[in-house]
Amino acid sequence: MQRITVVGAGNVGATCANVIAHKELAKEVVLIDIKEGVAEGKALDIWQTSSINNFNTRVVGYTNDYLKTKGSGVVVITSGLPRKPGMSRDDLIKTNAVIVKEVTENIIKYSPEAIIIVVSNPLDVMTYAAYIASNKSRNKIFGMAGILDAGRYKAFLADALNVSPKDIHALLLGGHGDTMVPLPRYTSISGIPVTAMLDNATIDKIVERTKKGGGELVNLMGTSAWYAPGAAAAQMVEAIVDDQQRIFAVCTKLEGEYGLKDVFLGVPVKLGRNGIEEIIDIKLDKAESKLLHDSSESVQGVMKLLDGMKLF
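Take the sequence shown: its position 271, counted from the start at 1, is 1212 in our numbering, and no numbers get skipped.
None of these hints come from the bench; they were simulated from the model.
Incorrect hints may appear among the rest.
[As the list claims (entries may be wrong)] Okay, derived cross-link-like pairs now, BS3-like style, lysine-lysine, Cα gap no bigger than 25 Å in a straight line:
no.	residue 1	residue 2
1	K1077	K1245
2	K1009	K976
3	K1035	K1245
4	K1231	K1146
5	K1251	K1042
6	K968	K1011
7	K1245	K1231
8	K1011	K1050
9	K1245	K1202
10	K1042	K976
11	K1035	K1077
12	K1042	K1245
13	K1202	K1077
14	K1042	K1011
15	K968	K1050
16	K1011	K964
17	K1077	K1009
[To be verified] Cβ-Cβ distance ranges computed for the label pairs, FRET-style:
no.	residue 1	residue 2	range
18	K968	N1103	40 to 46 Å
19	S991	D1222	38 to 44 Å
20	E1196	S991	41 to 47 Å
21	K1251	I1223	34 to 40 Å
22	D1203	Q943	34 to 40 Å
23	P1053	Q1185	23 to 29 Å
24	D1108	N995	23 to 29 Å
25	E1157	L1246	21 to 27 Å
Heads up, the beta-carbon is just placed ideally off N, CA and C, and yes, glycines get one too.
Could you put the whole structure together from the sequences, leaning on the hints where they help?
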């Protein structure tokens, strides 16, 4: 791919750009930020590691100059204010929706065919905001959620089991945050069901810690996480650029899948060259289905709040 753009040169955006460059997924990675000099400085810092870390992808940064993003094949939007201690994702809605709307419109102006990945919080409603602003089909604009949540879940499981996280396969559905729906029934370690290796009480504790994984990091650091979110977004970019047809949970608009409609939720999809190649409608039991529908109601409530702000 010729060019990939990452909008937002904060911790998440810079980490994402760094991983993309290391994987040599494009000839050029463009980093954009509204704050003077930040994107330029971080891009230069990353580029100066090229000979050390042995990659050729050119990394460049610009202050609010979207013309330099022209012709991008994939764009990752990380723009917005990070969460602070005591702040919920919902507190960020209005401020970040205005930012995401403006960013999306600028991206579409210069890269109308780009596949857009949203990382900004609150994730589900910001994906909705970008979807409205872009007027693109749902397979071309979606949010990063399930990969990050699964990454946290698998890390906790690896600690509990003292095994390699490489051997753990897991799936999480629903909203990104406290209403996410981890699925122990679909969790395995080298094909062995996690329920055969851990008792239910331990699994339940890990599930609850996963749901509050973002908040745990905010409380520890005073700001949102960046290494795992940045790497998760880059993994989605890789699946698209290399047409890997990988199955990941991403935030997308549902149009009847799982009995839900007109809501943006994390569900398993197949990611490839065209973005979302297929939405996978897996069979859930009654308890899992109720949790997913409860999550949907929560997300729809936040979407209605955005609708009421009359920003679009």
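Now for the hints, and whether the structure bears them out:
1. K1077 <-> K1245: Holds: K1077 and K1245 sit about 21 Å apart, inside 25 Å.
2. K1009 <-> K976: 16 Å, holds
3. K1035 <-> K1245: 12 Å, holds
4. K1231 <-> K1146: Answer holds: K1231 to K1146 is near 20 Å, not above 25 Å.
5. K1251 <-> K1042: 12 Å, holds
6. K968 <-> K1011: 14 Å, holds
7. K1245 <-> K1231: 21 Å, holds
8. K1011 <-> K1050: This hinted pair holds, its Cα atoms lying about 8 Å apart.
9. K1245 <-> K1202: 14 Å, holds
10. K1042 <-> K976: Distance ~18 Å between K1042 and K976 Cα, so the pair holds.
11. K1035 <-> K1077: 22 Å, holds
12. K1042 <-> K1245: 16 Å, holds
13. K1202 <-> K1077: 17 Å, holds
14. K1042 <-> K1011: Distance ~18 Å between K1042 and K1011 Cα, so the pair holds.
15. K968 <-> K1050: Between K968 and K1050 the Cα gap is close to 21 Å, so the pair holds against 25 Å.
16. K1011 <-> K964: Distance of about 22 Å is within 25 Å: holds.
17. K1077 <-> K1009: 22 Å, holds
18. K968 <-> N1103: 40 to 46 Å: 42 Å, holds
19. S991 <-> D1222: 38 to 44 Å: Given a distance of about 43 Å, which is inside 38 to 44 Å, the answer is holds.
20. E1196 <-> S991: 41 to 47 Å: Once the Cβ atoms are compared, 43 Å apart, the range 41 to 47 Å for S991 and E1196 holds.
21. K1251 <-> I1223: 34 to 40 Å: At roughly 37 Å between Cβ atoms, I1223 and K1251 fall inside 34 to 40 Å, so the hint holds.
22. D1203 <-> Q943: 34 to 40 Å: 35 Å, holds
23. P1053 <-> Q1185: 23 to 29 Å: Holds: the Cβ-Cβ distance is about 24 Å, inside 23 to 29 Å.
24. D1108 <-> N995: 23 to 29 Å: Holds: the Cβ-Cβ distance is about 28 Å, inside 23 to 29 Å.
25. E1157 <-> L1246: 21 to 27 Å: 25 Å, holds
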